[in-house]
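Student: Sequence:
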Amino acid sequence: MSTSPDSPEADKSVAAPLTAGEARRLVARVLADHYGTDEEQGVAAGDALLVASELVTNAIRHGGGVRAFSAHVTHGELLLQVTDNNLELPHAPPRDLSRPGGFGWALVNGASRRLDVRPLPDGSGKTVIAYLGL
1 MSTSPDSPEA
11 DKSVAAPLTA
21 GEARRLVARV
31 LADHYGTDEE
41 QGVAAGDALL
51 VASELVTNAI
61 RHGGGVRAFS
71 AHVTHGELLL
81 QVTDNNLELP
91 HAPPRDLSRP
101 GGFGWALVNG
111 ASRRLDVRPL
121 PDGSGKTVIA
131 YLGL
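Okay, so the sequence shown: first residue is 1 according to this note's numbering, each after it adds one.
It is worth saying that the hints were derived from the structure and are not from the lab. Since this is a predicted model, take the numbers as computed values, not measurements. Don't take each hint at face value.
Stated by the list, open to error - Distance ranges between label pairs, derived from CB positions: (1) 42 / 124: 36 to 44 Å; (2) 91 / 37: 33 to 41 Å; (3) 119 / 42: 28 to 36 Å; (4) 44 / 88: 24 to 32 Å; (5) 98 / 76: 22 to 30 Å; (6) 46 / 117: 21 to 29 Å; (7) 22 / 115: 20 to 28 Å; (8) 98 / 122: 19 to 27 Å; (9) 120 / 61: 15 to 23 Å; (10) 19 / 118: 21 to 29 Å.
Positions of the beta carbon are idealized from the N, C-alpha and C atoms, including for glycine.
The task is simple: from the sequences and hints, build the whole structure.
Tutor: Rendered as structure tokens:
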């Protein structure tokens with residue numbers, strides 16, 4: 001039996017520290033709970049795992065570390081939230097094909113239905129929220 005899209009059982013949250021691999025495992029559990037199976041869920045699951053990995057990696061590399069991560073399903077969407085320690089807005093750097101990296105934010109944008117970036121009320125960082133269709 002699958003979990004109701006709005007049930008609290010479909011929510012997984014953790015505080016820092018968190019690695020990209022831990023975020024992917026957490027998202028895989030949320031999707032398994034939602035779909036009621038541990039089997040691969042196709043492109044939607046692949047996109048969700050990629051976005052989770054990129055958001056956490058960006059928080060570690062550019063945001064001063066991960067403060068919190070959550071994943072939950074609501075209204076047919078998977079919401080991924082990553083809070084870091086930097087107020088600077090995420091952005092795609094100018095493309096330089098001679099250097100590795102720099103494609104993560106573009107991948108996140110392409111795989112997400114919507115992205116929100118919210119500064120923390122105390123000014124100590126931000127939360128990035130990615131909305132992905134299921």
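Student: None of the hints should be skipped; say for each whether it holds.
Tutor: Evaluation of the provided hints:
1. A beta carbon spacing of about 38 Å between residue 42 and residue 124 agrees with the range 36 to 44 Å that was offered as a hint.
2. Under the hint 33 to 41 Å, the C-beta atoms of residue 91 and residue 37, about 37 Å apart, fit the expected range.
3. Between residue 119 and residue 42 the C-beta distance comes to about 35 Å, which sits within the given range of 28 to 36 Å.
4. Our hint of 24 to 32 Å for residue 44 and residue 88 holds, since their Cβ atoms are close to 30 Å apart.
5. Judged by the Cβ atoms, the range 22 to 30 Å given for residue 98 and residue 76 is violated: they are separated by roughly 41 Å.
6. As the Cβ distance of residue 46 to residue 117 is approximately 24 Å, the hint placing it in 21 to 29 Å holds.
7. With their beta carbons about 22 Å apart, residue 22 and residue 115 fall inside the hinted range of 20 to 28 Å.
8. For the pair residue 98 and residue 122, the beta carbons lie near 40 Å from each other, so the given range of 19 to 27 Å is not met.
9. A hinted range of 15 to 23 Å for the beta carbons of residue 120 and residue 61 is consistent with their spacing of about 19 Å.
10. A beta carbon spacing of about 23 Å between residue 19 and residue 118 agrees with the range 21 to 29 Å that was offered as a hint.
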